[in-house]
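Student: Numbering (numbering that gives the first Met the number 0), first residue to last: 0 to 415.
One or more hints might be untrue.
To be verified - Derived pair list, reagent style SDA-like, types lysine to any residue, alpha-carbon separation capped at 25 Å: (1) Lys414 x Thr364; (2) Lys139 x Leu239; (3) Lys139 x Ala344; (4) Lys414 x Ser95; (5) Lys197 x Lys414; (6) Lys197 x Arg133; (7) Lys197 x Ser95; (8) Lys414 x Lys139; (9) Lys139 x Arg176; (10) Lys197 x Ala344; (11) Lys414 x Arg133; (12) Lys414 x Leu396; (13) Lys139 x Leu372.
Bear in mind the hints are in silico, worked out from the structure with no lab data behind them.
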Amino acid sequence: MTDGLSLAAALVVLAATLAVAVTRPPYVSDAVAAVGGAVLLVAVGAIGLSGAGDALRALGPTVGFLAAMLLIADGCRREGLFDAMGAVMAGGSQGSPQRLLAFVFLIAAGITAALSLDATIVLLTPVVFATAARIRTSAKPQVYACAHLANSASLLLPVSNLTNLLAFHASHLSFPRFAALMVLPTIAAVAVEWVVFKRFFAADLTRPRHAAAQPARPELPRFAVSVLVFTLAGFALSSLVGIQPVWFAAAGAAAITVPALARRTATPVALARAAEPGFLIFVLGLGVIVQAASASGLDTAVHAVLPTGDSLPDLLAIAAISAVFANLVNNLPATLMLIPVAAAAGGAGPVLAVLIGVNIGPNLTYVGSLATLLWRRVLRAEDTDVELGEFLRLGALTVPASLVAATVLLWLALKV
C-alpha cells in the first residue's frame with residue numbers, strides 16, 4: 000500500500016475511532032473500536048507488525064503508570080478521602096457560594112495534580128454536587144470548575160494527565176524539573192479561570208446564603224494520605240535514585256490495594272474495574288492508529304506547521320496550534336501526533352508548549368478531551384447537563400487568556 004493510501008486509511012480509522020469515543024454507541028466500545036481499527040490497519044498493510052509492536056512498547060510503561068495511578072485514586076476513594084474533601088468544602092464555605100467555589104478550585108486543582116484529572120472528573124464531581132445541595136446553592140459554577148480545572152490544572156506534574164506522561168518521557172526532564180517549569184504556568188491558568196468564573200457566574204455566586212446544618216469536623220484518612228504523600232515523594236526522588244517513576248506508582252498501588260484485599264473491603268473484580276482496562280486498551284489501540292498515520296506522512300505535515308524554536312513567538316504558536324489540534328481530533332491523538340515532532344525539533348520547551356495547548360485547549364469544546372466527555376456522562380448520571388452555548392462562551396473567555404499567560408510564564412521559566 001502506498002503512503003498516500005496508508006495515510007488515508009489511518010485517518011479514516013482514526014476518525015471512526017474518535018466518533019465511537021465521542022458518541023459511545025451501545026453496540027461497540029471504545030476499546031473494541033481502537034483495537035479493531037489497529038488490526039485493520041495492520042491487515043491492509045498501512046502499518047507493519049513491527050511498527051505496531053514499537054508503538055505498543057513505547058506506550059506500555061505509560062499505560063502501566065496510568066493503571067497504577069487509577070488504583071491509587073480508587074484506594075483514596077475507598078478510604079474516604081473524597082468524602083472528607085466534601086466535608087471540608089461544606090464546612091469551609093459557611094453557606095457562601097463564592098467561598099464554596101474557592102474551596103472547589105483549591106481541592107480540584109490539588110486532586111488533579113496529585114491523582115490525575117480522571118479522579119477530579121469521576122470522584123470529585125459527584126461530591127461537589129452533594130456539597131452544593133447540602134448548603135442549598137446552585138452547583139453550576141462548582142461543577143463547571145471541576146471540568147475546567149481537570150484540564151487546566153493538570154499541567155503541574157507528570158502524573159496529572161496521560162498527556163503529561165507522554166510529554167514527560169519525550170522531554171527527558173527529571174520529575175522535579177518538570178514540576179518546576181510547569182508550576183507558574185499552572186498557577187497562571189488557574190488564576191485566569193478564577194477571575195473569569197467569578198464574573199461569568201456572578202448571578203449564581205451572589206445569591207443569598209441559606210442556613211445549613213454544620214457538618215461534622217472532617218477527619219482525613221491518614222493511611223490514604225500517607226500512601227499518596229510517599230508515592231509523590233518517590234516520584235520526586237526517582238531521578239536521583241535511578242528508579243523509573245512507574246515502580247513508585249506500582250508500589251503505591253500495592254500499598255493501598257493489598258490491605259483492602261486482606262480486609263475484604265475490595266475484590267479483585269472491583270480493582271480490575273477501577274484500573275479501567277477498557278480505557279487502557281483504547282489508548283494502546285489509538286497509539287497504533289496514530290503511529291500508522293504518522294509513519295505514512297502525517298508527521299511530515301505536522302513538521303510543516305509546527306514551529307521548531309523555543310522563542311516566545313514560537314512557543315505561543317506551538318501552544319495555539321496544539322490547542323486547535325486537540326479540539327479537532329481530541330487531545331490524546333493530538334499529543335501522540337505532536338509530541339514526537341516537538342521533541343525531535345526543539346527539546347523540552349516545545350514539548351511543554353504542546354502540553355499547554357493540549358491540556359488547556361480542550362476547555363473550548365466538548366470534544367477537546369476525553370475527560371470532558373466523561374464529565375458530561377457524570378452530569379447525566381446526576382440528571383443534569385450543560386448548554387452548548389454556555390460551555391463555548393466560557394471556553395472562549397478562559398482558553399485564549401490561559402494559553403497566553405501559561406506560555407509566557409513557561410518561556411520565562413525556561414530562561415531561569
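Student: Against this structure, judge whether each hint is valid.
Tutor: Hint check:
This hinted pair does not check out: Lys414 and Thr364 have alpha carbons roughly 33 Å apart, beyond 25 Å. Proposed proximity of Lys139 and Leu239 is contradicted: the alpha carbons are some 44 Å apart, above 25 Å. Of the supplied pair hints, the one linking Lys139 and Ala344 is violated, its CA atoms being roughly 42 Å apart against a limit of 25 Å. Taking the CA atoms of Lys414 and Ser95, the gap is about 42 Å. The hint is violated against a cut of 25 Å.
At most 25 Å may separate the alpha-carbon atoms for a hinted pair to count; Lys197 and Lys414 exceed this at roughly 33 Å. Using a Cα cut-off of 25 Å, the hinted pair Lys197 and Arg133 holds, with the two alpha carbons roughly 21 Å apart. A threshold of 25 Å between alpha carbons decides the hint, and for Lys197 with Ser95 the separation of about 13 Å falls inside it, so the pair holds. For the hint linking Lys414 to Lys139, the alpha-carbon distance of about 40 Å lies beyond 25 Å, and the restraint is violated.
With a C-alpha separation of about 36 Å, the suggested pairing of Lys139 with Arg176 is violated against the 25 Å cut-off. For the proposed pair Lys197 and Ala344, the alpha carbon gap of about 40 Å is over 25 Å, so the pair is violated. Our distance criterion of 25 Å between C-alpha atoms is broken by Lys414 and Arg133, whose separation comes to about 47 Å. Taking the CA atoms of Lys414 and Leu396, the gap is near 29 Å; set against the 25 Å cutoff, the hint is violated.
Proposed proximity of Lys139 and Leu372 is supported: the alpha carbons are some 17 Å apart, at most 25 Å.
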